[in-house]
Amino acid sequence: MSLAHDSRITVRPAALAQRPARIWPEINHPAAWIVAVILLIMPLIANGFFLIEIFASTLILGTMALSLMFLAGYGGMVSLMQLTIAGFSAYMVAVFGVSGNANISLGWPWWLAVPMALALATAFGTLGGALAVRTEGIYTIMITLAIGAAFYYFTNQNWAIFNGHTGINTVATPHFWGVNWRADIPFYYIVLAVAALCYFAVEYLSRAPFGLALQGVRDNPRRMAALGFNVNAHRVAAYAFASFIAALAGVLQVWNYRQISPGSVSVGACIDVLIIAVVGGITRPIGPFIGALIFVLLRTFALDFLVRIGLDGNRFRLLIGLGFLAIVFWSSDGVIGLWQRWRQRGSASRSGGGHRHG
Amino acid sequence: MSRFVERHPAWALISIIAIAVGLWLVFAIWPPGLEEAIGRKRVFLNAVFNGITLGGLYFLVASGFTLIFGLMRNVNLAHGSLYLFGGYVGYAVSTATGSWILSFIVAFILTALVGVLLQLIVFRRMEGQDLRQTMVTIGLSIVFADLMLWACGGDFYQIQTPNWLIGPVDLPLVTAIKSSGEPVYLRYPMVRLVIFAASVVIGVAMWLALNRTRIGMIVRAGVDDRDILAATGVRIQLVFVLVFAFGAGLAGIAGVVGGTFQSLSPGEDIRFLLASLVVVIVGGMGSIAGAALGALIIGLAEQLGSVYIPTYAIVVTFLIMVLVLAIRPQGLLARR
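Residue numbers (our numbering), protein chains in the order written: chain A, 141 to 498; chain B, 8 to 343.
In case anyone wonders, no lab produced these hints; they're calculated from the structure.
Virtual Cβ for every residue (Gly too), placed ideally from N, Cα, C.
One should not assume that every hint holds.
Stated by the list, open to error - Sample of chain A residues facing chain B (criterion: CB under 7 Å; computed from the structure):
no., residue
1, Val175
2, Ile278
3, Val418
Starting from the given sequences, assemble the full structure and let the hints guide the process.
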C-alpha cells in the first residue's frame, strides 16, 4: 500500500488546529449574526427572482458542496459523486412521487416519497463510498468521477425508470395546511431551514467524537488504526452522512425546478460542485456557501457582464475556468483563505514565509 | 503468468474457459440453435471487432495517461482535452493538405508541445501535490474545452479516411453458410484494422522501449524511485518533460484516430478522459500492459454490451470496474 499512502491527499490541517475548540465558533462573531438576520428577512428585501434564482439556488448548491466539503475537509476524501447522489435522490422523488409521467411515477404522497428517496440515495451514496474507500487519494477522485459518469450515461439510456434523455417533468411539490410550499417565500424558508440544519450538523459533527476521529483518520490513518479505530468504518460512515446531506439537497433541487433530467447530473455538473467547494474554501463549512454564491452570481450575470464590456457572452465557462484556475493557483483555501491571509497581513507584521499555501 | 495460475487457480481456470468459449464463438460455424438464441453471428463478430478496435483507441489514450501518472505521479485530468485538441488539429491538417499521415505527425508534435508547456508551467510547480494538480488540470480542461468550442464551434467533425483505406475487406472468418453451401465471410472496414494494427505496433514498441533500452530503464527507475534516480545524476526534469511530451503526443494521435473512427465534438474530451480513467483503474495505474488489457476489456464490454443489452451497456462497464476493485483494488496488472 505504499503507493496509495504516498499519493494520499493531505488537506492542510493547520487551519483547524490553530482554532481553539469552541462549541459554536461562528455564532459569537457579529458578522455571523448579521448574515443570519439578512438571510431571515431576505423576502422583505429581494424580489421573487433574486429570492429563488439567486439565494435559494445558492443554498441548494451550497448544501451539495457542503457534503463534499465534509468529506474532503474532514475526511480527506475528495468525492466527485455528491451531485450524482443528489440527482439520484431527485430522480427517486420523481419516481415515487407524482409527476407528469404517469406510467413511471408511482404517485405516492410527498411525505412517503421523500423519506424513500432520502433512504435510497443515502444507501446509494454509502455503497459508492464503500467502493471508493478501498482506494485513496487521487484514485478516490477517479472512481467517484467514474460512478458519476456511469450514472449520467445510465439515466440517458434507461427509459423504464429514468425516462431517458427527456427526464421526468412536472414533478409535484408539497401542498398542505393550505400553503403551497413551492411558492417563492415558503420555499425560500424551507431551503434556508434545510441548509442551516445541514450547516450546523456539519459544524457539530466536526467537533463530536466521530468528527474528531475522522480528522484523525484523515491526518494519519495508520496511527488511528493502531489506536484501535476502524478506519474504513469511519470513512464509510462519513460517506453515509455526506450522502444524506446531498440527498436532502437533491429533494430541494427537484422541487425547485419541478423536473429532473440527465443534463442535471452530467459530468460537468459534478465537477461544478467541486469547483464551488474549492473556490469557496474546503476547510470550513461556510466555504461551500460562499463558493455557491459566487458561482450562481457568475452563472446568472456573467453573460450580461461580458456583453456589456464588449466580449462574447458565451464565454461564461471560460471566465469560471480562469477564475477557478487563479484561485487554485494562489490559494488552496479558496476565497476564505484569501480573506484570512488579507486580514493577517493587515493586522500582523509577522508574515514570514509560512502562508505560502494560504 | 505461471505465478498467476499458481496463486489463483480458480480465476485462471475461469479465464481459460472464457477465452476458449470466446475463440469458439469467433471461429466455429454457429449451430442453428445458437443463432436463434443470441442472434446472427455477423452481428456478434462485428461487435467483437468493434470492441477490439475501440480497445486499440482506448489504449492509445490511456497509455499516455498511465505513463505520465506512473512516472511523475502527475494527475493530468486535462488528458481528454489533449485528445480533442489533437483531433481538431488532425482535422484541420487533413482538410488543408489532404494528407492523412501528415495529420498524425502534426497532431503528435503540437499536442506534445502543449504537453511540454503543461509540464513546465503547471506540473513542475506542484510536484507531489495531487489535489492541486487535480484541481488545476480540471480548471485547465474547462478552459481548453471552452477555447476549443470558441475556435471550432459545436459541430461534429469527421476526418476523411484516405482513399487507399476506404472500403471493407473480407476476413477469413465464416459468418454463415448460404443455402447453396457457399460460405459467407465477414466484411470489415479496412481503416479500423489498419489503425488497430498500428496501435498494437505502438504498444509493442513502447513495451520494448521501456524494457530494452537505456531511456526505458531510466523511466522505469523513475517510476520506482524518483529521488534515488535524481541522485544518480540523471537529469530527471528533462526525462519528465520528454515523457510528458510523448504521453501528450499519444493522446493527440488518438484524437486523429478517434476523428477517423467516430467524430469530434465538444464533450468527447470528457468521454475519453473517463474512458482512460476506467481503463487504468481496471488495468492498473502506471502499467502499459495493464492499459492494454484494460482497454481491451472495456472496449469489448462496451461494444458487446451495446449490442446485446443496450440499456445496461454502461452498467456492464461499471460492473467490471466494481468487480476489479473488489478483487484487486490496485488493478489487474499493477505491480504494487
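Now the hints, each set against the structure:
1. Val175: violated, 27 Å
2. Ile278: holds, 5 Å
3. Val418: holds, 6 Å
When held up to the earlier numbered hints, the structure conflicts with hint 1 and nothing else.
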